[in-house]
Structures are given as C-alpha cells and as structure tokens.
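**Student:** Use the sequences and the hints to build the structure in full.
Number of protein chains: 2
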Amino acid sequence: MQRKYMAFGVTAAIALCALLPTSVRIHAQSDDLPSWADGPARKAIVEFVRVTTDKSSPKFVPPEDRIATFDQDGTTWVSHPIYSQLLFAFDRVIALAPQHPEWKSMQPFGCVLSGDKAAMSKFTMKDLETILMATHTGMTPEAFQAIVRNWMATAKHPRFNRPFAEMAYRPMLEVMRYLRDHGFKTYIVTGGGQDFVRAYAQQVYGIPSEQIIGSALDTQYTYNKAGQGILIKEPKVLLDNDHAGKPEDIYLFLGKRPIAAFGNSTGDRQMLEYTQAGGGARLMMLVLHDDAVREFAYGPAQGLPDTRIGTFPQSLYDEAKRRSWTVISMKNDWKRIFAFE
Amino acid sequence: MQRKYMAFGVTAAIALCALLPTSVRIHAQSDDLPSWADGPARKAIVEFVRVTTDKSSPKFVPPEDRIATFDQDGTTWVSHPIYSQLLFAFDRVIALAPQHPEWKSMQPFGCVLSGDKAAMSKFTMKDLETILMATHTGMTPEAFQAIVRNWMATAKHPRFNRPFAEMAYRPMLEVMRYLRDHGFKTYIVTGGGQDFVRAYAQQVYGIPSEQIIGSALDTQYTYNKAGQGILIKEPKVLLDNDHAGKPEDIYLFLGKRPIAAFGNSTGDRQMLEYTQAGGGARLMMLVLHDDAVREFAYGPAQGLPDTRIGTFPQSLYDEAKRRSWTVISMKNDWKRIFAFE
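Top line first, the protein sequences correspond to chains Y and V.
The opening position of the first sequence corresponds to residue 1 in our numbering, with each subsequent residue numbered one higher.
The opening position of the second sequence corresponds to residue 1 in our numbering, with each subsequent residue numbered one higher.
Any given hint could be a false lead.
Note: identical chains are not told apart, hence a pair may lie in one copy or across any two.
Within a straight-line C-alpha distance of at most 25 Å, the following computed SDA-like cross-link-like pairs (lysine to any residue) qualify [what the hints assert, rightly or not]:
| id | residue 1 | residue 2 |
| --- | --- | --- |
| 1 | 225 | 314 |
| 2 | 256 | 238 |
| 3 | 104 | 118 |
| 4 | 126 | 116 |
| 5 | 256 | 165 |
Read the hints as simulated data drawn from the structure, not as lab findings.
Since the structure is predicted, the reported quantities are computational estimates derived from the model, not experimental observations.
**Tutor:** Here you go:
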C-alpha cells in the first residue's frame, strides 16, 4: 500500500522534470526545508517554486498571482483524535455552565458536562452545531477572539500534552515560509471557523487575518451603549467552507485561482481540482497520516483505521493518481514533524 | 449651506492639530496631492497619514493595520445620472435579446429593448434585480469579467462621452496612491457587484481583485466537459454589501477594522461609524457632490436636487458634524476632478 501512493509523487516529479532543461539545479537552499526528506514530495515543491519564480521559465508566474492555499486540520496541524475547535467548544460549555443551569439536563450539553465520552463520540452534526452556536455567538468578534487566545494559551492536546500552537507541522511551516520567501501569498482555507483560526494564525502560521478563509457565521451590525458601531456574532451559518465551499469561497475572497493547494481529505478535493484547472504550473499536495508512532495513522485506502475526521478514501487516492497530485507520506517525507521533537 | 459643511472639515482639522506639537510640518510632498486645494479636507488627509505613519507619533499604526476602505460609486468615480453597472446590464439585455425573443413583450426587458427611458427611470429594485440576474449569471466568473472588460473598452458615459475608466476622480486616485505610498492597503468596498468592479479595478484604481469587497452572487462549483473544476455564477444574492453590510463584509473578508474610510451616501454611514469606533487615529470622509459645472450637484441637505442615487440627507450631515467626519466639497476641495480636464 505504501508503494502505491509513493508512486504518485514519483510520477508527478518525473512529469515535472520532463519539462525542464536537465542542467538546471532543482535543489532549494540547503536550509530552506530542513524537516523534509529528500524524496519526491520535497522535489515537487522545490521544482514548482523554481519554475514559477524564475523569470526565464516558460511557467513563470508574476508575484500577484502566486497564491498558495492550505487546509488547516490534518494539513498544517494535528486534527486527531478530535478537532481542536470542538475541544474548545466543549471547554466553553463547561465554562459557561454556571450561567446555564438548564444545560445539565439538556442534550447535547449534559453529556459534555458529565464528561460522557462514549455519548460525545456519537454526537451528530446537529449536536455539534448546537454546541458551536451556543459557544460562538452573542458577542463581538473581538471578544470571541480574546476567549480563543486565552484558551490557546492554556489548553493542551490530549495526546501530546502540549499547547495547540505546538501541534503545527514543522514541515508545513517551512513550506509556507519558503513560498512567502519566493513572493507567494499563503492562505489558510479551512472548514473550521474563520474567527477561531484568525485568533492565532499570525502567531502559529505567520499569516494575517485577511488571509484566513474559513467557515463563517453571520454578524449583525449594531451599536454599543456609547453609540459606536459594533458587530455581534449571530447563530446563522454564512459560509460552509468545506468541499465545494472551498473553491467558491476562495473565489469570493480573492477573485483569483490558487496555483498551489495543500489538503489531506475529501474536504479538500474540490480546492485541489480548482487549483489545477487553472493551467500552467500547479502544485497539488495531500498529506497522508501514516505515522502512528510520531503522529497518527488513519485513512481506509491504506488499510489504516477509518475515522470520521479527515477522510482519505480510495476514491481520493485514485483521483490523486489520475490527476498527478503529490501525496505526502508523513512517515517517509517528513524527517521531523513537530518543533518540540 | 456651503459654510455649514465646510465647518465640519475645519472642526476636524482643528481637533487633529490640537493633538500635535506645533513645530511639526504637516504638509505632504508638494506633488503628492496636486488635485487637492489647500483646504481642511487635504489637511485632514495629510495630518492623518503623518500621525499614523510617524514612528514617534503616539498614534502610530503598524503597516499591517493600515487599512483604508473606499466606496466606489460617487466616491471614487461618477455615479450620475445612473450607476455604470446598470448601464452595463441594459447594454447586455440588448446584446442578449436575439437569444431571448420573449423579452420583447416581457417586462422589465421590453422597456430596455424599446429604449423607453421614462419607464426605465421608474424601475423598481425588483425590476433591476431581474435584469441583473438575467445578465450576470449562468457563466463562469472569468467569462463574465471578459464581458465587463470588453464593455469598459467600448462604452461611454452619457454626459462626458468618455470611457468609464476616465470617470475616476483624480483626487481620489491621488489619495489612494498617497496612502499606499505610506504603507496602507487600499480596498474598494462597494454596493456594486464585486465581480463587475474586479474586472477593471487594477486598471482604474491600481487595486488587485482580493482587495475588492462588493455585493456578490453565489457561485456553484461544478465540472466542465474536460472534468475540470469550474464555478458558475448563480442567480442568488450571497452578500448585499451596502449599509450595515459594509462593516459586516469588511469583517468577513479582513477580520480587521479599517482606520480610514471614504464614502458619499447613507450606504456608507455604517462603514464610517465602524471605522471610527476602533479608536486611535481615524479618518472618515464623505464626498459632497456640489459641483454641477464640472460634475453633478445633488443632495437634499444642501438644497441640491434629491436623486435616488447616492443619497446625502440632512441626517448624514448631522451625524458627520456630531462625529467630526470630514465632508469633501468637490467644488472647493478639488482643483481638478478628472484626468482629462
């Protein structure tokens, strides 16, 4: 199974190499991508940056069109065993419970308050939405982000027992920096909450809030007691930024098509397709979680456990192969996964 | 009446000056704003840029927060006697009529096809929406923008008989450039169609598509015959970017509050309020159309004709005075309005 997805990367690298004068150096500066093994994934990245930024290249792309989009959960940081935003929401239910005595006997809140993990693992999308709406609305975005930042400073990942900021993948942070150093603009394009990610994206990824595209609730413009204009987060979904929502929202925000896109699941499929459809040099990459020792291993196509987070089914493999997308093996392509290692 | 709104600008300038060491030079480079008369509006702009960009100023703003938002119609280019996007839509009805023989006897299309200006002047919002949906959807955004660019290259303004690109106000182009030269990011925040403005914004304003926030229709992700991912513009409003929609969408796109905002009507009121509410140095400006000779004169508060485009009622005047916003008199503050003068 391992050989199978490795083959995609090799295929992509060979395809790219065929387009180049053989004498050209295709290596990055030795310290640009230190966490990456010298394999097909690293080669695909370096080669893509070379052909798009070398003015003499027929695939040169002007800086204003160098857009690279990154899914977040499972692509730029750990999403297992549970999305960090859900952990945040559960922690908020506990924090807000004294103001809501009725929650104790009211589902889905009751399960969270009693710590019933078996029941919580069976939460439906509707249950999760109820919890998200109750914990993410009725305040200004500024107040919400202050709560998120406070949580980020104190909460710890259940397996690694470290702050979530340290759950970012070092190789992906290197790729983001490497792309920015070559005139790219890097965007997070996440199914997660836009406000949630914006609260820490500058600190964790070096990405400013205007380059975070995510699922978003409506806001309502109103006035505070001093007569000043403020916004209040409303319990109504405005953007569901996953699957087809990703290319739709990328277009809404940018009016441009990315030339590089990174994902790890079916939720990223359309973003990668849309990126590739622009023609010219394109880089599409999918992170495969195949390292149970250093991180997690899941994804049915590899005979790895299926989970409801970050699905990477056989059909996505088949599409990656057919469209020459590069699959990144955490196990083989990443020498180092976390900064704390 | 003239004296009244001039007083607002003077008040704002005095308020700003009171905050400064008197020895500081508050003039722009002599050629930065050549189309601006040396009055209170120009002084407010120059002073705002000085206090926000001088590192020793207590009101210094780091470059990443230097966000300036501009309404378009009536603020950065001519919106009278009719919004350019409506003219575009009427021209599209005529161009598409051969494919829609039923339109001849179907309102509101029939009036457009017969050139019945009296009937067209009475179009309701519903009529206009019908025409916009019929002419702006069912194609990719790329195809739509190509049509807009072609129209921009050929259509002429009914009074000035020049291409619409020349309808941009030279003083506002100067302010945009002046702000960008001082590390600001300039955004168009328009009630008009985002896709429409994006088609020409780089050419007319030097602003890239990702810095255009406008009213937007939904898009639908689908596949072309080659199996490539494409978007199709749908007849469904996603963002109504006017009035309260402006601050809501600014937050959606940027996650930041502007520190400078320019408008000309009640549709911009909330954007200016929201900008000011951030505290610290802020610049809020409203363009008053009081120059019937060189452009147009309208706005009931000045005893000028009321129109349904770009309403500037007494209540907006009162608010501008109360909140110390600067009102720009086209007649007195702009030495030159158009590049072709």
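**Student:** It remains to establish, for every hint, whether it holds in the given structure.
**Tutor:** Hints, one by one, checked against the model:
1. 225 <-> 314: between (56 Å within a copy, 24 Å between copies)
2. 256 <-> 238: Answer is both: 21 Å inside a copy and 18 Å across each meet the 25 Å cutoff.
3. 104 <-> 118: within (17 Å within a copy, 65 Å between copies)
4. 126 <-> 116: Close inside one copy (18 Å), not across copies (53 Å); limit 25 Å.
5. 256 <-> 165: Cα proximity of residue 256 and residue 165: across copies only (22 Å, versus 30 Å in one copy).
The structure meets every hint from the earlier list without exception.
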